[in-house]
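Make the full structure from the sequences, and use the hints.
Residue numbers (this note's numbering), protein chains in the order written: chain A, 2 to 373; chain B, 222 to 480.
Simulated from the structure, these hints should not be mistaken for laboratory data.
This one's a predicted model, so the numbers in the text were calculated from it and none came from an experiment.
Using N, Cα and C, we set each Cβ at its ideal position, and we do this for glycine too.
The reader is advised that the hints may include incorrect statements.
Stretches of chain A that chain B covers, calculated by requiring three or more beta carbons in the stretch to come under 8 Å of a beta carbon on chain B [as the list claims (entries may be wrong)]:
#	region
1	56 to 69
2	175 to 186
3	266 to 278
4	363 to 369
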Amino acid sequence: MTPHIPPLNAHVVIDKPALQTLFDALQTAGYTLIGPTIREEAIVYDEIGRIEELPIGWTDEQGPGHYRLHERGDGRYFAYVVGPHSWKKYLYPARLTLFRTRRQDKSFTVETGEEPPPKYAFIGARGCELAAIAVQDRVFLEGPIQAATYKARREHAFLLAVNCTEPGETCFCVSMNSGPRCESGFDLALTELDDVFLLQVGSQIGAEMLAGSGWRPAGAFELSHARRLLAEAETQMGRTLETRDLPNLLYDNLDHPRWDEVAERCLSCMNCTMVCPTCFCADITDVSDLSGENTARVRVWDSCFNPDFSYVHGGNLRPSIRARYRQWLTHKLASWIDQFGTSGCVGCGRCITWCPVGIDLTEEVAAIRGEG
Amino acid sequence: MSEGQKPRLAVFKFASCDGCQLTLLDCEDDLLAIAGAVEIAYFVEARRRMLDGPYDVTLVEGSITTDEEVERIKEVRRQSRFLISIGACATAGGIQALRNWADVSEYTQLVYATPDFISTLAESRPISDYVPVDFELRGCPINKGQLIELITALLIGRQPRVPAHSVCLDCKRQGTVCIMVAQGIPCLGPATQSGCGALCPAYNRGCYGCFGPAETLNPASLGQQLITLGWKEADVSRAFRSFNGYAPAFREASEQFEK
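Listed below in structure tokens is the structure:
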């Protein structure tokens, strides 16, 4: 008997507990499930297996430099926005050994030694996060050189996306045209309704994973309910970023006094770049043992706020916090477009929430625009 | 390092608690490799044999607090090719540098039964205030991995990789959720140099600043945020004035918030 699977692009509904059948199907298909779960007083991304590990009934209160979890008192599965982690933690790991060398007599051998790339299913990726993955695809896959380790992880990734119906205080995906609806780049896109999950089928494998879920075609009421929730969400963004002529605004204001003001507050601590789902800067370092016989070349996340990052022969290119903040913001919002044909910002708001002193890039841009 | 024979290693102690030298003994498996790669010529805490200098690599623990130590460190410098100060005492003056803001004779009156026997300098200062230092390894105590990296780099003849960035980068790389943002716990991580592996935040405690000031820091802004989170100015001052309190950037911060 052929399995009962929905057609491509179909909208179907499943009972909420039936999400477990989807998890099971993914695991049977060899995927490692990575999804939202509560750890260290936050909703992080980690390996999960059961729907009970999702932050059911919890939400996140966010503001500049501020994040708190709250119990909602309902059974909502996805009633939070985005947390301190992003999927780059898995697609572009913070620390990765690229190869090892071993000295032998007067020569040396090289072992690439990457194990078979992990096969991840990402549970709960939001519109802004799909956009962020698309940005990193441009950087790592669509340039003159492809990043092999990224490609291997990316090609196999299954994406269960979630449409955001309750944006957070630091969200501005509408400004960056990346949400709250997931438009493309997913295998399944889920909208949480009161009693059921509405799912849009985005790929053949997405359809196959629903075989045992007891799905049924979505009704007109469910579709219109979801449309209404998403239309409302669009009006509930905690922040806005005016993008009109943004690159030129920044290029024309490289000596604006606002850079000095933000430098008074900025800690140069690197948190914004670490939580940013598109920031990709890395350092390559060779680690050797005491004998010098065995060496590993390791790639680690790095940041334009790290003094060592801009150290070149003779000194530091960006010795001041002012220079570093300006470099980060102008790259993210302006020269990124020149470089990759897309903005580096997807409006997820992580850099605002996770800045220990709550610097808000939307506020900085508004101030430079003269609207502060 | 000189060809043919093993480099000679010495370890000297000044005003300190011995914790940093112990880090060398804590190297466990690597200790055997180190002992095989160098000749341990002078290391009183580890072996009775004490060979005279000169030494290729000298690790110096502790701060300078007496006239006798001032003379001794000069002699150690004369006998050493590479002199590396290890730990918060040797690199910043240590917790005993709290005396630098106080009257040390008042302390000796209070602490000792016969204060007349005590001969000490008014201030506790880092090794580099008295002799040129080739490298400083921070921390209270130093980190085992950084010590092995340093010895490895010296043996191979390359630069040691001892980053000067903030603790935050380590928290983020290992996926630790920011305790300041998510729990409102005051933390010195954004101002403190990496080295411990971001240990305390991973256990729900704010960074104590054991590795001293990061290369770039903004203690004024961080201090204001700590006050926003509930600390008083005096708390901020005290936090900066601990193991590395006399390191210039922390010293200035502690004095700024003392008022």
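Now for the hints, and whether the structure bears them out:
Counting residues of the region 56 to 69 of chain A whose CB falls under 8 Å from any CB of chain B gives 4; the rule of at least 3 is met. By the rule of at least three residues with a Cβ nearer than 8 Å to a Cβ of chain B, the coverage given for the region 175 to 186 of chain A is violated, with 0 such residues. Using a Cβ-Cβ cut-off of 8 Å, 9 residues of the region 266 to 278 of chain A lie near chain B, which meets the minimum of three, so the contact claim holds. Residue count for the region 363 to 369 of chain A with a Cβ under 8 Å from a Cβ of chain B: 0. That is fewer than the three needed, and the coverage hint is violated.
Hints 2 and 4 from the list above are not met by this structure, while the remaining hints are.
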